Structures are given as C-alpha cells and as structure tokens.
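Produce the complete structure using the sequences and hints provided.
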Amino acid sequence: MKAIFFLILRLLLKRKRQTLVAVLGVSIGVGAFVAMASLMNGFQKYFIEQAIDLNSHITLKVKDEEKPEERLKRFYGEDNIFVIRGAKPKEKKDKVSDHATLITRYEKDKDIVGVSPHLNAQGIIRYGVLEKTASLIGIDPMLERKSSVIDRFIVNNRLNNLISDRYSIIIGRLLAQDLGIVETGKKVIITTPNGNTQLFKVVDFFDSGITYIDQTRVYMNIKTLQTMTGKPNEVNEIVFKIKDVHSAEDISRRISKETGYYTESWQFSYRNFLQIFKIQNYVTYIIVFAILVVSAFGIFNIIMMTVMEKRRDIAILKALGYEDKDIVRVFAYNGLIIGIIGSILGSALGFLIQEYLASVDIEVQGIIRTKGFLLDRNPLYFFYGILFAIVFSFFASFYPSYKASKLNPIDIFRSGG
Amino acid sequence: MIPLLELTGVSKILGSEHILKDITLTINEGTFTSIIGPSGSGKSSLLYIMGLLDRPSSGEVRLCNEKIDFNNSNRLAEIRNRHYGFIFQFHYLIPELTLEENIMLPMIKAGKTLHEASEISHKLIDKFGLTGKANRKPYQVSGGEQQRVAIARAMANNPIVIFADEPTGNLDSKNTEIVMETFLHLNQEGKTIVMVTHELDLAKKTANILQMIDGRISSR
Ligand SMILES: Nc1ncnc2c1ncn2[C@@H]1O[C@H](COP(=O)(O)OP(=O)(O)OP(=O)(O)O)[C@@H](O)[C@H]1O
Ligand SMILES: [Mg+2]
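So the protein lines, in turn, are chains E and R. With this note's numbering applied, the first sequence corresponds to residues 490 to 906, in that order. With this note's numbering applied, the second sequence corresponds to residues 8 to 227, in that order.
Since the hints were derived computationally from the structure, they do not count as laboratory data. Computed from a prediction, not measured in an experiment: that's the story for all the values here. Note that beta-carbon positions come from the ideal geometry of N, C-alpha and C, so glycine has one too. Don't take every hint at face value.
Claimed, not checked - No farther apart than 27 Å at their CA atoms in a straight line, the calculated lysine-lysine pairs in the DSS-like style are these:
hint : chain 1 : residue 1 : chain 2 : residue 2
1    : R       : 74        : E       : 814
2    : E       : 584       : E       : 550
3    : E       : 597       : E       : 584
4    : E       : 550       : E       : 597
5    : R       : 144       : E       : 505
6    : R       : 74        : E       : 895
7    : R       : 119       : E       : 895
8    : R       : 74        : R       : 28
9    : E       : 720       : E       : 730
10   : R       : 181       : R       : 212
11   : E       : 732       : E       : 720
12   : E       : 712       : E       : 621
13   : E       : 712       : E       : 676
14   : E       : 635       : E       : 534
15   : E       : 814       : R       : 119
Said to hold, decoys possible - Residues from chain E shown here face chain R by an in silico Cβ test under 10 Å; the list is partial:
hint : residue
16   : 806
17   : 807
18   : 808
19   : 809
20   : 810
21   : 812
22   : 813
23   : 897
24   : 898
25   : 899
26   : 903
Here is the structure:
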C-alpha cells in the first residue's frame, strides 16, 4: 500500500503539466456546477417563493371549465374518446356567491392559515394623458394580510389606508413608473369595463420584484370595486394560504371536492414557469455534465499515456510479484487523486464565484427584478459536485488501469521494452 | 543434492511455433547453472517458465516439490515476490524512484515496513559497492552500477533462486566481470542461480551448463 502511494506520487509528478490541466478541468467542472446550481436555484426559488406567497397557495375561482372531453383527449389521444352528447348539464356556478360561508368555514381548517376573497377585474388607469391597462384586485385588507404576505411588498406600509379611505389604491411600482408617478398622493382615474369611472388617490406602491405583477397590478378595497363593477357583494376568487406549501395540490383537490368549485394549486398556476425552470435546469446540468465529461477524458488520456509510457515499469513490478490489483490501484488512485484535488479546488472556485456573484451590485431585470444575484448557497451543491467529479475520474481512470494490469510482462521483456 | 526446481516434459507452443520441446531438467539447491545456445533457441522462453512469468503449453513444474498451478496467479505472484529474484539485460529500474526505493519495492510488496525495507536496502547497497549512492536516480549512475542495483533488488527478499537473462548483455568487459564476480560470490554464499548467456567464457565459470538448440536441451 505504501509502495503504491509513493509510486503514484512519482507518476503524478512526472506529468506535471498534464496533471495540472486535468486537475483544472475537474475544478472548472465542479466550480461551474456549484456556481450555476446556486445561481439558478437561487433565482427559481426566489421567484416561486415571491410568486406563491404573494398570489396564493391555492385559488378557488369561477372558471369557464375546459370541456371534460378536451382534457380526456389530451391524455388518451383523439381516437380513444367517445363523447356522449345531449347529457343533462350539471349545475354550473358563475360566481362565488357563498363566499362568506366558505371563508368562515375554511378559516377554521387545520391545514389553512388564511382565507381571503378577491374580486378581479380589468381596468384602465389614467394619469394625466397616460393610459395603461391594469388588473384591478379588490381585497379585504385585513383578510388579505392573513392569506398572503402582501405587507412585505408594500413600500410604505400603508395597506390600512385602503380601509380608511375607500378611494385609495396601491399600484405596482413599474406601473407607476410607466405612468410617470414617482410619489404617493397623486390622483389617477380608473375606468372599469362597464364604463364606470372613478378618481383614486395613489397611497402606496407595490414592489414584489416580479416584473409582470408590478407592471399591471392595482389593489383597492373590494367594496369599492364591487360598486364600480356593479357587482355588489360579489366575489370571483377566494385565495388560501396553507401551512405546508408542498401539500397545495392535495388540499386544493379537497377544497374542490368539498365546495364544488374549481380550485387551483400554485403548482398548477405556475406550471409554465415550473416547466421553463425544468428545461433551464436540464440545460445547465447538460453543460456541466459536458465539462465533466471533457475533464474525464483528460484524466483518461493522462492515465492512458502514463500506462503506455510505463509499460516497462509495469512489467518489472509484475515480475517482482505485484499483482494485477496492485497495478490497477497505482493507476486508478492516480486518476482518483486528480479527481479529488480537482474537486477540492473546484469547490473553492465555486465558493469564490458565489462570493463574487453575491458581491455584484447590479440591477437585474428579467422576469424578476433584484439588486444583485440571488444565490441559493446550499452545501449540497458542493457535495454533488464533488461526488460527480470523483465518480467521473474513477471511471475515467478505471479502463486504462485495468489495461495496465493486463499487460503481459514477458511481451515487454522480449521486445527489450 | 536437493532438487529445487524440476521441469518434466515442458513444452511451449506459440501459434505454430514449437518454442520449447519436451524439456525435462532439475535445478539443484545451491548450484549455479548457465543456459547457453544460439539466438532464438528458446533460452529466455525456458527462463520465463522456470521464473513463473509464463505458463508451459504442457508438462509440469515443481518448486521445492510443490506442483505449480499456473492458473493461480496470486500464488505465482507470491512465489515471484518472496522466493525469486530476477535480473534482466535491461535492468528495468523505475526511473522515478531512487536506487534505494527501487531496491525497497519487492520488500514493501512482501509486507515489510518502510523502515525495515530501507535498512535492508542500505545493507545491500553497501554489499554491492554502491555506498553513498542510495538517493540517486538510476540515470545518475553507470550501467554497471544500475545492474548491481538490479541484483540488489533481486536479493531484497532473500530469494531461494535468482534468474538472470543475459545480465551482462549490455555491459562492457570490466562491468561484466564485476557482475560475474558478484554472482559467483552469491553462489558461494549458497544462493541458487540460473543464468542465460550466450558468452561461452562466462558459462564456463559456472558449474552446470545447459546447451539449448532449437527448443531442446542438447547437452549438459
Ligand atoms: N510471441 C511469440 N510468438 C511466436 N514466436 C515467438 C514469440 N516470442 C518468441 N518467439 C520465438 O520463440 C523462439 C525462442 O525465443 P527466445 O526469446 O526464447 O530465444 P532466446 O534463445 O532467448 O534468443 P536470444 O538469444 O535472441 O534472446 C524464437 O524462435 C522466437 O522467434
Ligand atoms: Mg533471450
């Protein structure tokens, strides 16, 4: 064993340059993996957390339901579905009329933290000569507080103004920017699709960091919106905040069954984003995988070359009584050591990249807006990076090492090696 | 006379070539045997089989009355490590290791500690006239000295027999003489030696001469 280690050391030192290149390859692979994983997951986690905490974990709403046969076709294919026509239509709900009962009922539910009614409507918001479309959300501020983290995103913390002044609104930061509003207290005019127009005071801004939300959203008191849209006491959406966000799908299904309304979990509402994230993750992991494959080839190459060059030494070691497994070890450890050193350096590199990214202070503007990069600095990424690198270098060095152990010493002695 | 190594009806066929033909011979303990013969007559091939580096196509090999099982490669490796010493024309020292470390190799494989191995290695270095050169690399000493290191390495585990294939083939006459003297000295100490050579002068200094021609032993 000791003999093997001093042999390995000598072999590594012999090929300093190639060893260094192979070590660097592994380091870059591991470093890139750590950096990319923390960057991407940081972004994705942030997005999901913000979006679901803000919007709701589960939404109950009135919906033009997809015809059931459409859904069946999607799963089973066009030809396998027979549609029975003329069946008696079931009762159909077009508004959440029993919202008060539902809210009191689910407020007591052990899985549910908060329940809040919404009235959603489209509208046009005008400031001076500028006009923008907006999605108007009528809320009950007290209940909304319990069922979302709305307060966290309201810049001056004036959610209560919606109660004291029925004609006050809170508008998205980017919407305000688009309209040219930089400070609170400005008066804007909102028009609803039924033609009603009303003057409002902007009392606060709303800054979630999620671009499409901040660009369109207007919060007002639900009563005001009910009056404006001519739907007194009407609600078209109830949102739920639950204890465990991961059980949203189950609870959503349960609520739907219990109430007969259509419900949607955040996973379903955000399925497009989740899908994009999945693809994004695949792409990243493929890139990192490619880097690791390249560095594995580097290791393969260096071990193969060492084996070729060391044929004489392998022959004499075998003549001196070293067994095949000893020879395998000499070369496989050689590769493994490259992998281990590479992953240690790579982890350091990944850490440094993280530090750098964390210190960068730029405005990022995409689907989300943040200052600087959002990192998820999970230690597991280091663990996986190191694990992959070591497994890769093991496999890369295994074949040449095995080849080395199968060399027949007398072939080398005869050829004068 | 105690038989050390016995070959019975050993043949070696490689492809269509009949390299060794029905060889039966005995190497007794404490003897110095040289194998001579023209190039291609099968001297090395015979040595590889006696040295358990190659397997015969047919026939039997016995070492100290143990029938050798050529399928048991671990046992073959163990015998080579503990009981055999090898010296080749090209000394096959590992260039990255010092002379001392080269000599230590068989001992470490045999399970000796680095300390023990180093001690023995130093004794051998002194014994073979290499004092002070323990930490040199093989390319930092002469060809004759390299061959003496190879002999020291062959002696490291105090083997029962030494096999040498043209050990002087690459040496000038002065170094040839030194190496030959070393062998004779070791033989006087009781070591069994089998040496392949094509120099009749050297063979004549040994007690037994096996003459090979075309895969057969023609005289002894
Ligand atoms: N791999 C092989 N395949 C076929 N024939 C071989 C092979 N290796 C050696 N031979 C043949 O075996 C015969 C014996 O070879 P060997 O090396 O034992 O001869 P030798 O007496 O040691 O010769 P030299 O004095 O040149 O070293 C030769 O005729 C050689 O051509
Ligand atoms: Mg030969």
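Each hint tested on the structure:
{"no.": "1", "hint": "74/R with 814/E", "in the structure": "holds (25 Å)"}
{"no.": "2", "hint": "584/E with 550/E", "in the structure": "holds (8 Å)"}
{"no.": "3", "hint": "597/E with 584/E", "in the structure": "holds (23 Å)"}
{"no.": "4", "hint": "550/E with 597/E", "in the structure": "holds (20 Å)"}
{"no.": "5", "hint": "144/R with 505/E", "in the structure": "holds (18 Å)"}
{"no.": "6", "hint": "74/R with 895/E", "in the structure": "holds (25 Å)"}
{"no.": "7", "hint": "119/R with 895/E", "in the structure": "holds (26 Å)"}
{"no.": "8", "hint": "74/R with 28/R", "in the structure": "holds (20 Å)"}
{"no.": "9", "hint": "720/E with 730/E", "in the structure": "holds (25 Å)"}
{"no.": "10", "hint": "181/R with 212/R", "in the structure": "holds (16 Å)"}
{"no.": "11", "hint": "732/E with 720/E", "in the structure": "violated (32 Å)"}
{"no.": "12", "hint": "712/E with 621/E", "in the structure": "holds (23 Å)"}
{"no.": "13", "hint": "712/E with 676/E", "in the structure": "holds (19 Å)"}
{"no.": "14", "hint": "635/E with 534/E", "in the structure": "holds (22 Å)"}
{"no.": "15", "hint": "814/E with 119/R", "in the structure": "holds (19 Å)"}
{"no.": "16", "hint": "806", "in the structure": "holds (7 Å)"}
{"no.": "17", "hint": "807", "in the structure": "holds (8 Å)"}
{"no.": "18", "hint": "808", "in the structure": "holds (5 Å)"}
{"no.": "19", "hint": "809", "in the structure": "holds (5 Å)"}
{"no.": "20", "hint": "810", "in the structure": "holds (2 Å)"}
{"no.": "21", "hint": "812", "in the structure": "holds (5 Å)"}
{"no.": "22", "hint": "813", "in the structure": "holds (7 Å)"}
{"no.": "23", "hint": "897", "in the structure": "holds (8 Å)"}
{"no.": "24", "hint": "898", "in the structure": "holds (6 Å)"}
{"no.": "25", "hint": "899", "in the structure": "holds (5 Å)"}
{"no.": "26", "hint": "903", "in the structure": "holds (7 Å)"}
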